[in-house]
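Peer 1: Next come the chains, spelled out residue by residue.
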Amino acid sequence: MIPYEIQILVAAFLFAIGLIGLLTRRNLIFMLMSVEIMMNAGAFAFVASGARWTQADGQVMFLFVLTVAAAEVAVALALLILMHKHFKTVDTNQLNSLKN
Amino acid sequence: MTQPIWILPALPFVGFLVLALAGRYLPKKGIAATGIGAIALSFLYALYLGTAFLSDPAHRMEFTLWEWIRIDSFVPSLSLSIDSLTYIFILVITGVGGLIHWYSAEYMAEEEGYARFFAYMNLFVGFMLTLVMASNLLVLYLGWEGVGLCSYLLIGFFYRDPANNYAARKAFIVTRIGDTALLIGLLLLIREFGTLDIQTISNNATSVLGANTALATAVALLLLGGAVGKSAQLPLQVWLPDAMAGPSPVSALIHAATMVTAGVYLVARTHALFILSPLAMQTVAIIGALTLLIAAISALFQYDIKRVLAYSTISQIGYMFLALGVGAWSAAIFHFVIHAFFKALLFLAAGAVILALHHEQNMFKMGGLYKKLPTIFWTFLIGSLSLAALPFISGGFFSKDSIIWYALASTNGNILLWTLATVGAFITSLYTFRMIFITFFGTEKTHVHYIPGKTMTIPLIVLAILTTFGGYIELPHNIAHVQLFSEFLSASLPAVSIKSTLPPEGILQLVVAILSLAGIGLAYQLYYKTEPTYKTSPVRQFFLQGWNFDKLYDTLFVRPFVWVSKTNASDAIDEVFDYVGLQLKKLGNTLAMSINGQINWYLASMVIGFIILIVFMIW
Amino acid sequence: MILSYIILILIAGAVLAALTSRWQNRLSFYISILSQLGAFGLALGLLFSASHITFSQSIYDLNISWIPVIGANLHLSADGLSLLLIVFTLFLGLIGSWLSKNLPQPGFFHFQFLILLAGINGIFMAADLLLFFFFWEMMLVPMYFLMARYRDTSQSENTPFKFLFYTQVSGLIMLLGILTLFFIHGRQTSIYTFELSELINTTLPLPISLLIMLSFVLAFLVKLPVIPFQGWMPAAFSASPLAVILTGILVKTGAYGILRLAIPLFPEASVLFAPTAMALGVVTILYAGFIAYSSNDIRRIAAYSSISHTGFIIIGLYAFNLMSWQGVIYQMIASAISVGGLAILAESLYTRTQTYDITQMGGLWSKASVFSGFGLFISLALLGLPALANFVAEFLILAGTFQQSITVAVLASLGIVVAAAYSLRIVQKVYVGEYKGPEQISDFTLREKLIMGILAIVLVVLGMYSRPITQTTEKMLKQTLILDTEQPTYQLPDNAASVKLFSNPQID
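Chains as they are written, first to last, in the working numbering: chain A, 1 to 100; chain B, 1 to 619; chain C, 1 to 508.
Please note that the accuracy of each hint is not assured.
Computed list of lysine-lysine pairs in DSBU-like fashion (alpha-carbon distance at most 30 Å, straight line) [as the list claims (entries may be wrong)]:
#1 C:367 / B:28
#2 B:365 / B:454
#3 B:566 / B:551
#4 B:29 / C:449
#5 C:449 / B:28
#6 C:367 / B:29
#7 C:436 / B:566
These are calculated hints, taken from the structure and not from any lab test.
Build the full structure now, drawing on both the sequences and the hints.
Peer 2: Encoded structure:
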């Protein structure tokens, strides 16, 4: 078995990759993908913990996260398409009409 | 006794209402008839009341209209009363007032606002009657301010020229300063007596205020402050010369015969309070004496005929104050009556001259008029003789002479006052005849435009007769024993107390008489023998401008006031709050910069915030 | 029950006016006038028996349990003072409505206006402190909306905010005071109540009493307004034409609050505060008068003139004297009418000359003499000419104050000279001199003549006959005085005669 700490480290690493991607990307689609990565990282952490303490809850949480992620992606992509229709762009630098 | 004496002031007020509301729809004759009629009716009614009154002058007539204010036991009502002092004033106000209204029918005929003029004049007479008939000091104050209002309206009658309105404002504000002193005096009286009823105050004066106390002096001096403002005495005399901006009948009625004597009335009416304070009496006398001299000297240097008369009025009222100050109460009132006759006469005659020369007021541009305007000349001359107090042939002699005598002879009098008064008499006849010689003699510099008609000349003649023969009702003791006037007043005013050892009256009278004649003689030398021309020099400017009191007040009061007012015009306190508000707004704007619509920025801040939270939690 | 009708009629009118404006614009105006007349008639009728009823115990009282948990009741009550002020408020309201006949969106306007009137009348009738605060806040919101909507576009958009902030902040502080009083009373007597007549009996140590009193008084001083809280008023006057009528009504709530709440609840603290209050009053009179003299915007002159009059009110209030208190009530009425008159003239001038700046005007008398006549009349009222109500007011206040403090009375009298200066300056700049202005100018219309005529007649009648006002309020004022003089900590004047007259009144 891979030690628990390494597993959590991997999850954290994934989370960080996702976070950096979220913060640095300008394109909304890539931002969404980064959010996905972050969510998966979190789910991974749950599974790893479930395995560490041999409880089924970890796997159950993973299923939850996956469902929520799917739902959220559906809504987000729908919004994205509408925004593209309206503003003709998905570049966050130009989508700033909520200003002030 | 209770008679409907309220009709007396009511008639002019009704006249005012009719003219104010319906004046524009009436023809000229109708307007004049209403205006003159209201005053004439008042005069006739006063005569009618007089028949009841003269049979026993000790009686009072009273009438209370309604309760004005009621606070517990302080109940000033609208109460009117007539006693002998009031009655004399009523006769002068309505009689002389009536003549002036009659005169104005022709004088103002060509001017715009005929109805407005008579409306204001009637309103004035109404308020003046209220003032003298008031039986408590609050009603008196009502009349007091009312006549001040009418004075303001009439000085600024020719409203198109802003200078006139400025003069009116000046008059109102200067008198208001005096009025404020009077008001504070009333407040003090309320505190001490609990009432403003004049009779109650007079009867209880000694017990409540005490003789010769600081309180009594304070009350008297405050009342004096009001009197000084209204009567244009030192130090509030600066408004009267400028008040000449109004039409001549206004100057005659308000600024010669009646309103400016309201101060004299006030002091006489509240004599019970003044008697309690020798200091106050002395102040009255000194103010009178100084004013009469300062004004007389100023009159000597004027070139505008109306301003000569204005300073002359200030001076003559100074004589009245002098008389009041030495306790010669009825002598002061006597001079008031005679002065009303001859000063009104002089103003009206001067007005006639001005009108005849098409609004020329500079004496040095007149001349040679005695042939062209004979009636006016003779009436003017008669008035001037009275003003200069020529012995025996003028009423002015009898009234002024008794004042000068009492200035020395009364227990409060002294040689200094007598000297000032006598020198004043000399200067009076000097400036008076200077005025006559320059205006009526010499070469004619402006041609006569218009000869005034009967409506203007008859009142002049009536006044001339009154001023000549009016004096005979009160002769000095060393000549004859005719004391009709002071006997009539004895019910209202105390007699003057005289010193025990006196210099011979006859000799002093002679001195005064000689000086009056000397004044005429000097004027003859300077202004008849040689062609008068107007010269200026710094000294002459000083006296021309009334000893520069205007400049003094301007620097001391007006400039600082306007400066403070202008500097703070944008309200410094408000600006402080505004500044605070502005800073807060700026702060808000700065904070709002963090809402820049950039999604990445929001995310980054969320992450940072989260990290900070975690750090706090671990620690 | 009957007292609540006054408020309910107004609120019903407000709702109706708002609803009907969808179909018929004109209708809301008539509904508004009708409901105001109804309330006015009701209040007037009550006024005739007003001199005999006592606050909080009158037969007209309405006392319903509101929030029993904290002891708050819907307690409406009235006495002479309240009814007089209500009648006067509704009178001014009628005039204000008449003036605003042609404003856009009448439905909105009348809705806000009637709610405002209801709130103000509620303040005069509230006998429960929480209810009082409720109505206090209730009058702020419509006022803000009216000012914001009908704002003169040349003014900054901050002015309604300024008004709101001043009054809200002070209101908040007052709420803190109310709550403190509530808790202290509750701890003392274990009865938690907001009822005014109960709270008057709380015994408070002087420092606490002073603090709470200050929190109340702050709100009232801002309302009045008094230096240094006067900032909102000039802004409000310039912001909107009808602001003047509104403020005329609003500011009287400040004086009422002091008379009804601050002085009875905290007598010793009030006496302690009196010298400061009087000093503030004198400063207000003179400071505002000076500014009025240099102002060129006629609305600004009106505002500062009103503030100057308020200085007299605050002096009179803290003289603790039947005479000065009668003067205060008189001044509330006289000041509102005369300053209101000036504002109406300002609007009429604006419609004719398109400016509010008096240096651009001149010589109006030659073209519009009726207008100028009224203008002169109003100026005379502002400077306190006898025979008009303003004189009676200032005279009574000064006479009463003189009993307490000669210095204050003398300094305040100087205000009379300053008033003459700025009032006559208006006359000089606007009505006399050479004519400056558009070629064709019309004199007063019938409507303007009627409105100004009514105001003028009221001023003259009240100036010559004081019974209507002094009679109705006498009883209430005397009772409040007794409450106060039970703990006389100030020096009475030595002269016994005047003390008897003015400090120890007998009740019939």
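Peer 1: Determine for every hint whether it applies to the structure shown.
Peer 2: To see whether the hints hold, each was checked on the structure:
no. : hint          : verdict
1   : C:367 / B:28  : holds (21 Å)
2   : B:365 / B:454 : holds (26 Å)
3   : B:566 / B:551 : holds (20 Å)
4   : B:29 / C:449  : holds (29 Å)
5   : C:449 / B:28  : holds (26 Å)
6   : C:367 / B:29  : holds (24 Å)
7   : C:436 / B:566 : holds (24 Å)
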